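Using the sequences provided together with the hints, build the complete structure.
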Amino acid sequence: MPPKKLIPIIVLFIILSACTRPNLPRQSEPVPTSASGPAPIQEMLSTGNHRLEITIDGLQRAYILHIPPAVNNGEPLPLIIVLHGTYGTGRKMQLGLGFDPYADSRGFYVAYPDAYQKPGERETARWNDGRDTLASSMQGIDDVKFLASLVEEIAGKSPLDKSRVFVTGASNGGMMTYRLGCETDGIFAGVAPVIGNIPQPIFDSCNPHTPLNILAINGDSDPFVPFTGGEVCGDTPSRLCEGGWVESQSASVGKFAAANGCDAVPQSASQPAKVEDGTSIKQQTYANCASGAQVTAYIVHDGGHTWPPRESQVAAGGKATANLDATPLIVNFFLGAVESSSANLPATVVYKTVEGIDPDLLSLDIHAPAGIQNAPVIIWVHGGGYVIGDKTNQVRDKIRLFNSQGWILVSVNYRLSTPEKGAVQFPDHFLDVAAAVAWVRENIPGYGGDPQHIALLGHSAGADIVSNVVVNPTYLQTYGLNLGDIACAAPLDTAGFDKVKAGSNQSAGEQEQWENALGNNPNYLTETSATLLIRPAIGIPSVLGVVRGAERRQQIETEFLAALQAAGIETTLIDARFLSHQEVNSQIGAPGDTVMTEPLINFLTGCFAP
377 MPPKKLIPII VLFIILSACT RPNLPRQSEP VPTSASGPAP IQEMLSTGNH
427 RLEITIDGLQ RAYILHIPPA VNNGEPLPLI IVLHGTYGTG RKMQLGLGFD
477 PYADSRGFYV AYPDAYQKPG ERETARWNDG RDTLASSMQG IDDVKFLASL
527 VEEIAGKSPL DKSRVFVTGA SNGGMMTYRL GCETDGIFAG VAPVIGNIPQ
577 PIFDSCNPHT PLNILAINGD SDPFVPFTGG EVCGDTPSRL CEGGWVESQS
627 ASVGKFAAAN GCDAVPQSAS QPAKVEDGTS IKQQTYANCA SGAQVTAYIV
677 HDGGHTWPPR ESQVAAGGKA TANLDATPLI VNFFLGAVES SSANLPATVV
727 YKTVEGIDPD LLSLDIHAPA GIQNAPVIIW VHGGGYVIGD KTNQVRDKIR
777 LFNSQGWILV SVNYRLSTPE KGAVQFPDHF LDVAAAVAWV RENIPGYGGD
827 PQHIALLGHS AGADIVSNVV VNPTYLQTYG LNLGDIACAA PLDTAGFDKV
877 KAGSNQSAGE QEQWENALGN NPNYLTETSA TLLIRPAIGI PSVLGVVRGA
927 ERRQQIETEF LAALQAAGIE TTLIDARFLS HQEVNSQIGA PGDTVMTEPL
977 INFLTGCFAP
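Numbering follows my numbering, in which position 136 of the sequence shown is assigned residue number 512; successive positions increment by one, without gaps.
None of these hints come from the bench; they were simulated from the model.
This structure is a prediction, so every number in the text was calculated from the model and none was measured.
Positions of the beta carbon are idealized from the N, C-alpha and C atoms, including for glycine.
Keep in mind that the hints are not guaranteed to be accurate.
[Unchecked claim] Just the calculated beta-carbon pair ranges, DEER-fashion: (1) Thr768 <-> Gly516: 50 to 58 Å; (2) Gly760 <-> Asp561: 47 to 55 Å; (3) Gly516 <-> His426: 22 to 30 Å; (4) Thr768 <-> Gly450: 18 to 26 Å; (5) Ala723 <-> Asn899: 36 to 44 Å; (6) Ala723 <-> Asn750: 17 to 25 Å; (7) Pro648 <-> Gly760: 15 to 23 Å; (8) Val641 <-> Asn899: 53 to 61 Å; (9) Ala938 <-> Thr768: 28 to 36 Å; (10) Leu949 <-> Ala649: 27 to 35 Å; (11) Gly450 <-> Arg953: 28 to 36 Å; (12) Ile764 <-> Gln828: 41 to 49 Å; (13) Leu949 <-> Ala634: 49 to 57 Å.
Below you can see the structure in the form of C-alpha cells.
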C-alpha cells in the first residue's frame, strides 16, 4: 500500500461534489429490470420543485423532484438523477449545477436525492458506493435499492419514459453512479460519473448490463480521487487517507467499454482551448461498440476535483477548467444517446443532386436535441468569400448554444466558385441555399422540428447569400416557397448589402471575390445588392444585423437596416464595432461573450414566439 499523504483538513469542505467516503461493499439486493411501459400514475405533480420522501428498509429517504412545463403535454418524459458528493445535499446540487433550465427547455425531470445521514452526524451523509471504509457501508445502507426504487416512485407521480432514465453524480456521487451502472439491470439507459472511479471492492463483481451508455469526466490531477487509481484522500478529519481504494480512470471506463463490446483502445482527440487557464481537454471515444452504446470520456489535463467549469471552494481541490461545461455536455449526451424520433434518420443529408458535383457540396448537417417536438430551426450558412468554407466550420459553440435552447441547428454547404468546389457563379449559390431551405421545410418534422419557425442566418459571404434569399422572392419561389416561409433572418457582417456603394472603397480582395462568384451577370453589382432589392409588402421577414468595421462598411450595414425599416420590416441591430470580422462569427455562443450571443438569442426567441 502506498504511504498515506497528509492533506490539510480544510480539504474536507470542497465543492458541492466533494469526495465522499466509501461504504462497505455490501452487495445490494438484486434489482429487477425496469419495464419501459408507462406506470400507473397515482398522483400527478405540478410543474416546479417538490420535496418528497420515500421509505426504504424502514428509513425515510428524501429527494427533490423538478418537474418541467412539458409535463402538461401528457407525454412520458426522460429523467436525470443527480447525486451529490460527501457532506453534500440534493439541494446544493440543484442550486449549483444548473440542470433545471435545461430540463425546462428540453423537457425532462431532474431528481436530486439525499444520501442517508444519521441524525446529528453530518459525517455519515454519503452514498454507499462500494468502498469499505464508509459509515453508510458499515451501517448496511442499500443505496442501490433506494435509487432504483426512486425511479418507480417518480413513475407513479408523473408520466415517465422508462427507456430514458439516467444518473450522474460527482465524487462520492460519481462512484455511486458507477455502482448503479455495475449492479442494476436495465433501469438506467446511461450513466455519467464525474470526478469518480469504480471502487476497488466492487470492481471484479461489476457487471454492467448492455447496452449502457457512459460519459465519464475526470481531472488527471485530482488530489482526492486519484486518476491512476489508489487511495482516496481527504475524506475525514480523522482519516485523511483512509477513504478506501478506487480503480484508475482507464480501468473504470474500460470496464464499461468491454461490457459494451467496444474497441479496447479509445480514439483520442484534443479539443481547442476556449480559455487559456492552464487546462486542456482530451476526448476519448471507445468506438465500434457491439451493443450500439456510446462510451466516451473527457479528461481535463491538469484539472482537479471539480465539476467543470465550477470551481472548488478551496485551492486544495485542484485546478478548475473553463474549457468544459459538464452540465450541458451530460444533458446532450443523455438525451442523444437513446433512440428518439430522429435516431434512424441521417444527421448529414444531401439536399440537392447535381450531376458531376461532389454530394458533400450540396449537403447539410442536422444537430437536433433528442426527444424534441416542434422545435424551432436555425439554418446556418457559412462564409469564405464564395471560394472556401464548410458547414462544419466554427459550429461547436453554436450547436451547444442553440441545442441548449431546445432548437435545431442545420448547417449548410453550397457550391463554391473554385474548380474543385463546383466552379459555379451567380445565381447558383443563392439557389443552393434556397434548395436547402426547401428541404428543411419538407423534412425537418421527422427530426422534431417545426417548419413554421425557421430562421436563416449567415456570416460574411453567407450573410450576402442570406440577405439576397430573404429580400428577393425569386430564389425561394424556384422551390415552391415564399419569403414568408422564413420566420426571420440574420445576415451578419458583409459590405455586399450594397456592392455599388462599396465600390472602390471596398478591399480589392472582396471586390475580386464578388466578381469571381457573381460577375457572370453584367449587372451583378445591382442585382445582388440586397439593399437595392428591398420592397415593401413582399413578405420579407424580420432581420437582425450587425454594424462594425470601417466607416464606409458601417454606413452600408446601417443603410441596409434603414431600408428594411422604411419598407415596414422589423429590424434589430447589434453594435459590434469592437469585434473583428471573424469574431462576429466565432463569438456566437462562446464562453464569456458579451456582444453577440445574448442579443441574438433574444432576437430568435422573439422570432420563434407563438
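Enumerated hints in conflict with the structure, sorted upward: 4, 11, 12
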